[in-house]
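> Here the protein sequences come in this chain order: D, G and Y.
So the first sequence is residues 9 to 303, counted in my numbering.
So the second sequence is residues 87 to 171, counted in my numbering.
So the third sequence is residues 435 to 827, counted in my numbering.
Bear in mind the hints are in silico, worked out from the structure with no lab data behind them.
Just so it is clear, the structure is predicted and the values come from calculations on it, not from any experiment.
Please note that a few of the clues may not be correct.
Pairs of lysine to any residue residues, derived as SDA-like cross-links and limited to a Cα-Cα distance of at most 20 Å, are as follows [to be verified]:
hint, chain 1, residue 1, chain 2, residue 2
1, D, 11, G, 161
2, D, 11, G, 122
3, D, 56, G, 122
4, G, 161, G, 97
5, D, 11, G, 127
6, Y, 589, Y, 651
7, Y, 480, Y, 615
8, Y, 661, G, 161
9, D, 56, Y, 661
10, D, 271, D, 249
11, G, 94, Y, 467
12, Y, 480, Y, 490
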Amino acid sequence: MNKNLFVSGHTACAGCGQSLAARLVIDAGGPNTIVVNNTGCLEVFSTKYPESAWEVPFIHSLFENCAAVASGVESALKFLGKKDGINVIAQAGDGGTADIGLQALSGMLERGHDILYVCYDNEAYMNTGVQRSGLTPFDSNTTTSPAGKQSFGNLRPKKALPEIAVAHGIPYVATASVAFPQDIQRKVKKAFSIKGPKYMQIHVPCPLGWRHDSSLTLTVAKAAVETGLYPLFEYENGQLSAVRKLTQAKPVEEYLKMQGRFKHLTGAAEEIKKIQEIADNNVRKYGLRDQVSGN
Amino acid sequence: MFGPLISKPGSSKNNKTGSWRTEKRPKYLQKNCIACRMCLLVCPEACIEGEGKNTYRFDPDFCKGCGLCASVCPKQDIEMVKEEN
Amino acid sequence: MKEFVEGSHAVAEVVRQCKPGVISAYPITPQTHIVEDLAQFVSDGKLAAQTVNVESEHSAASVVLGASATGVRSYTATSSQGLFYMFEVLFNIAGMRLPVVMTCAARAVSAPINIWNDQQDAVSLRDSGWIQLHAEDIQEAVDLHLIAYKLAENKSIMLPVMVCMDGFVLTHGIETVDIPEQAMVDSFLPPYIAPYKLDPAAPVTMGPLVDPEYYTETRYALQETHKKVLDMLPQITAEFAKTFGRKYNGLVEGYHLEGAEKVIVAIGSVCGTIKEVIDEARAKGKKIGMLKVSCLRPFPAQQIYDALKGASKVAVIDRALSLGSTAPLASEVKAAFFGKKKAPSVISSFVVGLGGRDITKDSIREVIKLLNGRERNGEFIDLKPELLKESYE
């Protein structure tokens, strides 16, 4: 059995989707992997001095620069003639990727570095207290897009970050979900078999921020996929090459009702309809169902 | 010269997060296990071990009682029971 | 080998000879020629480095951080707005004890935007933990880069070094420069061997979260290391003199300090102009001297005290401001004398040459004239009062 490369003793919340995903990613990457991590929950709960949960070389610098620091690591390895045989991962949360980290990510992708970028998407700035990010879904209740008497929460849809990555002309882009752990590892291994910049976005529920029981992390994640709200797909060299098909697209309510961050939508038929439309659009756009009409 | 602060790999194992469990802990029935390894795969604490049917077990020093292993077992061979301590 | 060459090209040449493995920079006037030259060296196979053309200075600094953390000698260059854009990364590099070397082509900062030379950018980074060296002329700019790498990579130092050269004045000025031979550079500057690095063969975690239990001691250690630099830098410049024949003190350089009643303290290329004025004054029997501060961080308080304690009046020239308070260099020079028995009777602060306004010999003569019994606090030389008459009110 392969040695665990992300070990016990870290201080993630019980049932943290991101901690599981990070573990799956590095185990798939293997011991010859260097990890560059932005500030965020993952870095905070896995590297509080003097304890580190990482059995591979790991560096944390700032909130927005893992893609740039990783570019430096990769360039140094190339200079040393050691790049072949060493994987480089740059990883961050959704805030650190889609918002403050977008510039560095774009530069890294554009320059063609041989790096896998992993975005752990828990759909808000969780480490600082659940503030909204560019990947916070429509109508989500966060502390800076709170639901209230005059608001249903976050006004904007998720930024289409995978498509932004595709637009950079990189060889591999994939979305994944912690609900399908083997799929995550398959995609990571596939990414590392390809030279050049790769982007992976992994949906990771946050029991604290999304307000669900820690035992439901995988259930909630699965529902996101099965409603079509979080489509799982792969783009290779700019072409949509694979999707996870749905035998039936579950109604979005089944996903929303499991989470406290959508509690305010109970009975708000118009809002739920809007969210259903997002799901339906995904089903159509990515061909998640074999039939022409959704559902 | 003191610093820079650099941590040793895997040193988080000094932190026994098993003390976090106040409500539930997993119980591995070890009856119907098919050794699918899903429990081991989904444990965020990497504290499940096993090799072969009905051998899987969790490490109480680190288990936080999240219940994900129980939620994925296809044979319902893991139950979440009340934490004793 | 002596060449009549533009400052940027000379610096690029010496950086090439230092053999950095990773170079990453973002274009900003007046640093551009340095980085362009290095890119051309790589294209022509004269330098085996990875050049990373980043999308911003924040990323440039981050790239060299990552490369240095992987155990590879790295280099960047910037100015003004670029330096400020990498502000947080620079504190990060110092705190992580990575021996990055950077050229800062000193330039004024926005607003208003001004691409010409003063020292506001570099001086504003004095809190960062970086060692900060300033060149008076192109030769010194070249030599300081060799000294910088040797100092930075010393196992008991492990601090990043910023080599500052006045933008346009030194970057685009053309002087006769002795460009070192590669063999001499190699003998002075051995390859970098990192005491800690990212390597799957020996994994470590760098840049951890640190709580109040540990943070203070890391900052104390940085402070203690800066004290060590005060001893080590003159040792390295002495070694430099043995190899290359050019002598630098490293911390401060006196000029005609013997018996000087009035002394001007300054940083950078203005020292060349000051020297000429002093030569003329001394020829007329006036007892005037100059103290050049070559190293701003660590601040050589003891050396400044020793050099100036016998002077009657001191004029400190600042080419930067600490808006709202005493000009930065003046503030620190004055502090060096507090509580001491021997001190000049007057330490006057002058602000000269902001935003590229030419500092002429007349400007220096004006400073000398105003250096009298009345202490000046941030007196602006060559100010244009007619401009100040305009107002929105």
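> Just to be careful, I want the Cα atoms of residue 11 of chain D and residue 122 of chain G compared with a cutoff of 20 Å; is the pair within it?
holds, 18 Å
> Are residue 56 of chain D and residue 122 of chain G close enough, with their CA atoms no more than 20 Å apart?
Violated - the C-alpha atoms of residue 122 of chain G and residue 56 of chain D are around 34 Å apart, more than 20 Å.
> Do the alpha carbons of residue 589 of chain Y and residue 651 of chain Y lie within 20 Å of each other, as the hint requires?
holds, 18 Å
> Hey, residue 480 of chain Y versus residue 615 of chain Y, does the alpha-carbon distance stay inside 20 Å?
Between residue 480 of chain Y and residue 615 of chain Y the Cα gap is close to 14 Å, so the pair holds against 20 Å.
> Given the proposed pairing of residue 480 of chain Y with residue 490 of chain Y, does the C-alpha separation stay at or below 20 Å?
violated, 26 Å
> Are residue 661 of chain Y and residue 161 of chain G close enough, with their CA atoms no more than 20 Å apart?
It is violated: about 66 Å lies between the C-alpha atoms, which goes past 20 Å.
> Residue 161 of chain G and residue 97 of chain G were given as a pair; does the straight-line alpha-carbon distance stay at or below 20 Å?
violated, 35 Å
> Straight-line Cα separation of residue 56 of chain D and residue 661 of chain Y no greater than 20 Å?
The given pair, whose Cα atoms are some 29 Å apart, is violated under the 20 Å limit.
> Does the structure keep residue 11 of chain D and residue 161 of chain G at a Cα separation of 20 Å or less?
violated, 26 Å
> Given the hint that residue 94 of chain G pairs with residue 467 of chain Y, test it: the Cα-Cα distance must not exceed 20 Å.
violated, 43 Å
> Is the Cα-Cα distance between residue 271 of chain D and residue 249 of chain D 20 Å or less?
violated, 36 Å
> Holds or violated: residue 11 of chain D and residue 127 of chain G, Cα atoms, limit 20 Å.
Given that 20 Å is the threshold and the Cα spacing comes to 13 Å, the pair holds.
Taken one by one, the earlier hints fail for this structure at numbers 1, 3, 4, 8, 9, 10, 11, 12, listed in ascending order.
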